[in-house]
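Asks: In order, the protein sequences belong to chains A and B.
Going letter by letter, the first sequence gives residues 1 to 398 in the numbering used here.
Going letter by letter, the second sequence gives residues 1 to 267 in the numbering used here.
One or more of the hints may lead you astray.
[Stated by the list, open to error] No farther apart than 35 Å at their CA atoms in a straight line, the calculated lysine-lysine pairs in the DSBU-like style are these:
| id | chain 1 | residue 1 | chain 2 | residue 2 |
| --- | --- | --- | --- | --- |
| 1 | A | 30 | B | 253 |
| 2 | A | 19 | A | 30 |
| 3 | A | 282 | B | 253 |
| 4 | A | 282 | B | 21 |
| 5 | A | 24 | B | 151 |
| 6 | A | 300 | B | 21 |
| 7 | A | 12 | B | 27 |
| 8 | A | 116 | B | 54 |
| 9 | B | 112 | A | 12 |
[Claimed, not checked] Which bits of chain B does chain A cover? Going by a derived footprint, with three or more residues having C-beta under 8 Å, they are:
| id | stretch |
| --- | --- |
| 10 | 74-80 |
| 11 | 192-206 |
Since the hints were made in silico from the structure, they are not lab data.
Glycine included, each C-beta is placed from N, C-alpha and C at the ideal position.
One letter stands for each residue in the lines below.
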Amino acid sequence: MPLDFELSDEQKLVRTAVKTMLAKYLPRQKEILAQSRAEKRFPEELWQEYANVGLTGCLVPEKYGGNNMGLVALALGFEEVTYSGFSPGLLLVIAMDTACIVRNGTEEQKQRFLPKIADGSWKLCFAVTEPNAGTNTFNIETAAKRDGDSYILNGQKTFISGVDSADYMLVVARTTSLEELKEQGKPKSFGMSLFLVDTKSKGIEMHDIAIPLSEELNQFQLFFDDLQVPADNLVGEEDNGIMAMFNSLNPERILAAAICIGMAESALNKAVAYAGERRVFKDTPIGAYQSIAHPLAEVKIALEAARLMTYKAAWAFDNGHNPLEVGSYANMAKFMAADLAVKAIDHAIETHGGLGFTEEVGLISQWSGARLFKTAPVSREMILNYVAEQNLGLPKSY
Amino acid sequence: MHIIVCVKQVQDWDIPPSSFKIDEATKVVTPPAGVAPVPSQFDTIGVEAAMRLKDNDPDAKVTIMSMGPEGARDVIKHSLAMGADEGLLLTDPLFEDLDWYQVALVLSAAVKKAEDANLVICGRQAVDWDMGVSGSGIAELLDWPALTICKDVQVSDGTLSVERVLMDGYETVEAALPAVVTVSNELGEPRYPKLQQIMQAAKKQVTVWSAADLGLDASQLGADARKLTLERLYVPVSDVECLIMEGDTPEEKAQNLAKALAEAKLI
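Only chain A is shown next, with the shape it has when bound in the complex:
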């Protein structure tokens, strides 16, 4: 059977649909971005448009009100959103939660959450990172202890995006502590569980973390103090949350890659347009000079490669491949795309010269957003460790 790199007719239409949806906001884009920056809140009007066009329903089966177009389609939508200079806002973290509920949730949880996610009326965020467990998730210390029909959560989380806008958050906690695991001789990957937590519950304290990059998605440190969560909100099996978590983390990396691809393509097109028109010496456009053209050509090559890797990762996810295999592709895609985005914007700035630093051209403000993705949601160094260990079979260094 031949290898087919063609997107389906329906997938091809996704970018057009999102582009058409965003078109009416483009004339007001600066005003919208300035307002969301000032209010530190993603514009609700735009959020409703994202839901209306179907971006919140891509991972939701039709029987729960979604369009079930899948992660490839959602990645295409993300590309167009960031290509157009907008932010996906909470869409990324919601996709993480949605994937986890669809693949690991109970029927009751699916009926309760998925229709509201699909129609945009409920927003969700994801809480895994802790002060002592950043790149090493297995070190999380937030504890969840069963108490009758509930679990009681205690601990803290940090760098939790958008919890101020979210109705629920998917919290990763330890139902078996690291000490207990040691005594039982079980691996650190065991003992983690996932809970859907109502963000308005008693026992949650939120502290804003000032990060100028996250203009539309605020970051928070959270403290859980005897936070009571109904046992019905446990997603997947108690203690066996690791694979369920992969079902969240893989879409996160894939969609982060898609964000970077959209930003890179936008920067490249700006650079190409300028290089084709700008004349400094006589009548030759600066794009004719190899010092300008070759870096942009390199960006184009990297863009095509990162896009292929991202689609492959999303395709593997949609087709239910083993989460560890999808994890490899997802990490590789995120690695390539994050490096690409920074490189593309940097070369676009260089192509524009002094203009590249102006607000009007808008590249310098994109640079910081792109740079974030070299570090988050997983650093490039940890991806290299993952690939060395998982894909090359090399010994673990840490």
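Mind docking chain B on chain A? Use the hints.
Replies: Okay, now just chain B, sitting in the frame of chain A:
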């Protein structure tokens, strides 16, 4: 009511102009590789006009018609995802290099073949060649009234009522169906296809007609039958000169601007 909306597949107008290659010798424009074509902007507004009519008359049938290569199916799918009922792809090697008259000939032949069609909607012009003649051409060949550059289209009891955009306002014009309407951007933003509708559009029928299906052949569609000769195709060189209006007050600057424009015979 059966509405046929003509939708043309064009190159994405967001692509930097410098990425297009123009061969002056062969008079051929080559777009950059790998960029997906899109529906012409005004034609999508035509689909919106049709969908508004269908919103008021759910029994109305909306058919999207596009002439072009197999890839034109994409723009049909886009319009079907906006809510249209059926697609009609006119594709044939003979359709590859037509002038405006031949385009109108093919499109009007398809409207005739559709038999029950009684309203044709086109964009005021395609965003690639900007000629703006297809709608009027179809009307002429069908001997139907043409109501051009409309910002509002209504149908009531078989009577078409439109608001036409004029230089200094608009006029309301009525006509009995069948008729051809061209629409302008003043009609308003087209609705966007939702992903759910994209999935539903995948199941909608797209009929394919060739030149032979329309009763047309090379004697009407070949190079010898062209009525338009393309004399020259080139990238215009624009020399921009910036002139700062002097003056001590805004009024004086405005007077100087008016004088300069008058001297340049621009007003």
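Asks: State for each hint whether it applies.
Replies: Here's how the hints hold up against the structure:
no.	hint	verdict
1	A:30 to B:253	holds (31 Å)
2	A:19 to A:30	holds (17 Å)
3	A:282 to B:253	holds (34 Å)
4	A:282 to B:21	holds (21 Å)
5	A:24 to B:151	holds (18 Å)
6	A:300 to B:21	holds (18 Å)
7	A:12 to B:27	holds (30 Å)
8	A:116 to B:54	holds (29 Å)
9	B:112 to A:12	holds (32 Å)
10	74-80	holds (count 3)
11	192-206	holds (count 9)
Violated hints for the displayed structure: none, as all numbered hints are satisfied.
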